[in-house]
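Asks: Join the two chains, each given in its own frame, into one complex according to the hints.
Here the protein sequences line up with chains A and B, keeping their order.
Heads up: the first sequence begins at 1 in our numbering, then just goes up one per residue.
Heads up: the second sequence begins at 1 in our numbering, then just goes up one per residue.
Any given hint might turn out to be false.
Ranges between beta-carbon positions, derived for each pair [claimed, not checked]:
(1) B/276 to A/176: 30 to 40 Å
(2) A/159 to B/349: 31 to 41 Å
(3) B/276 to A/47: 46 to 56 Å
(4) B/148 to A/70: 53 to 63 Å
(5) A/176 to B/240: 52 to 62 Å
(6) A/14 to B/148: 52 to 62 Å
(7) B/15 to A/47: 39 to 49 Å
List of simulated lysine-lysine pairs, DSS-like, C-alpha gap at most 25 Å [what the hints assert, rightly or not]:
(8) B/86 to B/11
(9) B/138 to A/33
(10) B/307 to A/39
(11) A/165 to A/39
(12) A/56 to B/334
(13) A/56 to A/39
(14) B/216 to B/307
(15) B/216 to B/241
(16) A/45 to A/33
(17) A/104 to A/159
(18) B/86 to A/56
(19) A/33 to A/104
(20) B/272 to B/11
(21) B/138 to B/241
(22) B/216 to B/272
(23) B/272 to B/287
(24) B/334 to A/45
(25) B/216 to B/287
(26) B/334 to A/39
(27) A/104 to A/39
(28) A/104 to A/45
(29) B/334 to A/104
(30) A/104 to B/307
(31) A/165 to A/104
Incomplete in silico selection of chain A near chain B, CB under 8 Å [said to hold, decoys possible]:
(32) 49
(33) 50
(34) 54
(35) 55
(36) 59
(37) 60
(38) 61
(39) 62
(40) 125
It is worth saying that the hints were derived from the structure and are not from the lab.
For every residue, glycine included, the Cβ atom is placed at its ideal position computed from N, Cα and C.
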Amino acid sequence: MRFDLRIIASWIEPGSRVLDLGCGEGELLQYLKEQKGVKATGIEKHEAEVAICIAKGLSVLQGDFNLEVADYSPDSFDYIIISQTMQQVYEPVALINTLLTVGKKVIVSFPNFSYWRIRLQLLFAGYAPRSTELPYEWYDTPNIRVITLRDFRNFARDKDIAILKEVAINTHRQQQTGNIVRLLPNLRATYGIFLIGRAE
Amino acid sequence: MNGACSGLVQKQFFTFAEPPHELVLESGERLGPVTIAYETLGNLTPDKDNAILVVHALTGDSHVAGCYTTEDARPGWWEIMVGPGKAIDTERYFVICANVLGGCMGSTGPSSINQATGRPYGVSFPLVTIGDMVTVQKALVDHLGIARLLAVLGGSVGGMQVLAWCARYPEMVRAAIPLATTPRHSAQAIAFNEVARQAIMADPHWRGGDYYDGAKPDLGLAVARMIGHITYLSNESMRQKFGRQLRSRDALSFHFDAGFEVESYLRYQGNKFVERFDANSFLYLTKAADYFDLDDYAVGGLNGAFKGSSTSFLVVAFTSDWLYPTEQSRALVKVLKRNGLDVSFCEIQSDWGHDAFLLPNERLHTLVAAFLSRI
Numbered sequence: 001m002r003f004d005l006r007i008i009a010s011w012i013e014p015g016s017r018v019l020d021l022g023c024g025e026g027e028l029l030q031y032l033k034e035q036k037g038v039k040a041t042g043i044e045k046h047e048a049e050v051a052i053c054i055a056k057g058l059s060v061l062q063g064d065f066n067l068e069v070a071d072y073s074p075d076s077f078d079y080i081i082i083s084q085t086m087q088q089v090y091e092p093v094a095l096i097n098t099l100l101t102v103g104k105k106v107i108v109s110f111p112n113f114s115y116w117r118i119r120l121q122l123l124f125a126g127y128a129p130r131s132t133e134l135p136y137e138w139y140d141t142p143n144i145r146v147i148t149l150r151d152f153r154n155f156a157r158d159k160d161i162a163i164l165k166e167v168a169i170n171t172h173r174q175q176q177t178g179n180i181v182r183l184l185p186n187l188r189a190t191y192g193i194f195l196i197g198r199a200e
Numbered sequence: 001m002n003g004a005c006s007g008l009v010q011k012q013f014f015t016f017a018e019p020p021h022e023l024v025l026e027s028g029e030r031l032g033p034v035t036i037a038y039e040t041l042g043n044l045t046p047d048k049d050n051a052i053l054v055v056h057a058l059t060g061d062s063h064v065a066g067c068y069t070t071e072d073a074r075p076g077w078w079e080i081m082v083g084p085g086k087a088i089d090t091e092r093y094f095v096i097c098a099n100v101l102g103g104c105m106g107s108t109g110p111s112s113i114n115q116a117t118g119r120p121y122g123v124s125f126p127l128v129t130i131g132d133m134v135t136v137q138k139a140l141v142d143h144l145g146i147a148r149l150l151a152v153l154g155g156s157v158g159g160m161q162v163l164a165w166c167a168r169y170p171e172m173v174r175a176a177i178p179l180a181t182t183p184r185h186s187a188q189a190i191a192f193n194e195v196a197r198q199a200i201m202a203d204p205h206w207r208g209g210d211y212y213d214g215a216k217p218d219l220g221l222a223v224a225r226m227i228g229h230i231t232y233l234s235n236e237s238m239r240q241k242f243g244r245q246l247r248s249r250d251a252l253s254f255h256f257d258a259g260f261e262v263e264s265y266l267r268y269q270g271n272k273f274v275e276r277f278d279a280n281s282f283l284y285l286t287k288a289a290d291y292f293d294l295d296d297y298a299v300g301g302l303n304g305a306f307k308g309s310s311t312s313f314l315v316v317a318f319t320s321d322w323l324y325p326t327e328q329s330r331a332l333v334k335v336l337k338r339n340g341l342d343v344s345f346c347e348i349q350s351d352w353g354h355d356a357f358l359l360p361n362e363r364l365h366t367l368v369a370a371f372l373s374r375i
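If we strip away everything but chain B, and leave its shape as in the complex, we get (with noise of 0.2 Å):
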């Protein structure tokens, strides 16, 4: 085994809700059958009283970490987290990790193939919500036979997966770790999302989202990845990172190429990102981060969200995180704290912006280490 991964890992697929037996989804239609694409690292005690469930954020997928094979170059994408004698130690915990509804990388989603037509969903498929995406999560579990999960953990788009688990079920959840999230999109991330899907739909590759039998919209999906990641980065960890470099030593080129530093930066991530990453797909999920309303799973309203919940909770927030800012962790806090639950929240001083619950950072890894070991 190479020296990247932490041990080896299988994609395993579970199947539900066939017809007549359809999910139905919040916007009342239905959907089924329902596929989802699942990994798990680690061993279930006889008791199965040591699972946790990893949720990833918009683009991500099952495969949280560890290799698929010994030759595999590439671990999964919260590897530093997730491993034997990690924050996350899979020596001690069951670890699952799920792609979510609505995704490409295994679990049913608008490129996946409508049994009634035999065709790729494509716009067909029906706009599905954060909720929708736990309530798969949810018969996974049932699935390997959990009641209770010791905890749930995840961030940005997932850590609103993890609200809604809380919100939904309660009592199925010891522990919460919402990390760089918000209990809702403000006016400013939803703007950012549109310009993203307006990107993939002005593409002429779109073709009203069927376009599984041709060439791919992948101009306009590299550009609304763009858009995402100039969001998951800030000011400063731009001027660290590129500041006003150019890539020849020489002087300006006059020239539309990618001159800057940060130009071909963002052109790499995003001509890399269409190879795995479908566009219809960037379309459905963004549209559910940005309907995602916290107080929509709150019985009663927003002091009647959590009602009887007995979850502990760690929230996490980064400083220069502009995209979920502080405020909103600390919106999340506020409903907690009046709801009489168990919380925690930490504000780490961090200069990588909102992608930093994603990269190396001692702090995060010890509070998320220390908080489950007293759970």
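For reference, chain A alone in the conformation it holds in the complex (with noise of 0.2 Å):
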């Protein structure tokens, strides 16, 4: 599993209701579902993957997450999982607003665009980054939303929003394996992920 995945997965309370939005082939649903108990539902929007989701046994809508979840009531969920997909979203703060009426805690992961090779490149190459995390050129890329770890922080503190947990790491392999930054994160780090609340 990848490696921000396993860093996901070991947040999660045993037992919870887990969504999983853009949950793919299942992969951490299953995981989740298997090791720690969890009620497992998953969003996606390709038929293919919903299907493989379906045939592993889990609940998987297929959909657009950004209308898909607004249908559910308050509190349905312990923990919404946005993983590796913030940066694509269109509103992100009507969907972190939804995310935190339907969830009671949301976990977000996304690349970290303040990362050192990223900025060398704007800065000697001058085009715009491409690296394994953000593999696209500017006209075909799904992410729309640039997001660094300050600016997310930055984020949740105009908008009112608890940041319960934070930890930025880095991948190689794939995402198979990483680690976790500690040192100078905004700048080292590949991706951040955060658990969000509601403010007291």
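Replies: In structure tokens:
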């Protein structure tokens, strides 16, 4: 399983209700269901991946999670996970507000745009950064939001969102392995993972 | 045995609601006795916990799979889905399929003899609803001694019955698979049904529904079937199947005969249908479908439907189904989500329109098999 997903999984309480937005083939959900006995639900837009999830015995809905998630009653989930997708969301404020209504806690992970290699690419090569984490050209990238760890912290402060936990990571080998970055994370980490909740 | 069939089946009958204990219908009218024709495949476990009820669509019947005799070359209507080793595996599950109330394939309907008069009911048969069909199916399931069904599944009007089952008897349904269905007909769907009904009633042989001793309203029923068939296909599937192809290789005939392939196909479907179906049943069943509104089965309004239910749902829609478009399945999924129910939803890419659920479809078969095996 991807390194960031392993960290996310370690934050989930056993037996909780979990919704994974953009769950792909359901790798994380299946792990959480088998290892932590969670009640697992996913939303995924691609038919083939939805079919794979259902074949694994997961409860998954095909659709656009920006729309689908609003249908749930408040507090339907203990955790909502949005991993490596926030940078593709058109209306992140509205989405996060909905998520913090439908779910008690939300786990957000995203590629850190202020990673030093990205900074250097822009500074010296002079083109929009491309990396293993962000492999697209400017004209075909789904990543319409440029986020850094610092940006997300500022965002949470401005919008009155409580950051309950955060970790910065570096990943290697198709993101299967990695390490936690404690020193200068905004410069040295490729990904940020945040556990957020409603402000008290 | 010929190779077309997965096994031999037998049509069976269960009769109940003998007067004075008639069945009280949703309309308030009483009906009895009621006979229900049904078939079963596979074996019921001693614990009776492997029963799956398959509910047929508008003009289907109890003959879901298998053949009646070893010479019978025509297996049931869902042979591709139901049988040993198939998605609904009859080596694991005990499959029940019953002809709906109001139908004409062995269950009580307008063509049945009214014991009070000794003549067919005709339009004196009371209007039945999707809920009434489910009431009768429940009586059959009770009769078979099954306290809880492993699953109820069906497509189209069958899917409506699946939903009514889940709303009415949630404790009896562990899992439900409504396919290509809707929580309620759109005005457009009602409109097509009304045109179909008018075609039957405009046939001079219909005679106010009292035609059983003479010529039948075959022309009207054939036209009704043609209208239905158009709604089951899609623009794309008709383009692929027929396009503007002519039956003869020559140019246009300048006659009103069936020059285009599509005309010939519809006429063939219409004519084939009248051999097996009763025009009055068509009127009753389309009306029941039009009347269906899941909200009516919801205790406490839309969000109260399925309250206290622990049924797991697999909802499936097909991209090119314009009779019950995906949005209608999504509306259903929304209600299920609001009620905190376990629901999976998949919209299968298909060019074949509403009929897609009856056609070979690897994705559908995989989904159904996987969903059933996890229950």
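Asks: Could you work out which earlier hints the structure fails to respect and list their numbers in ascending sequence?
Replies: 1, 3, 4, 5, 6, 9, 14, 15, 21, 32, 40
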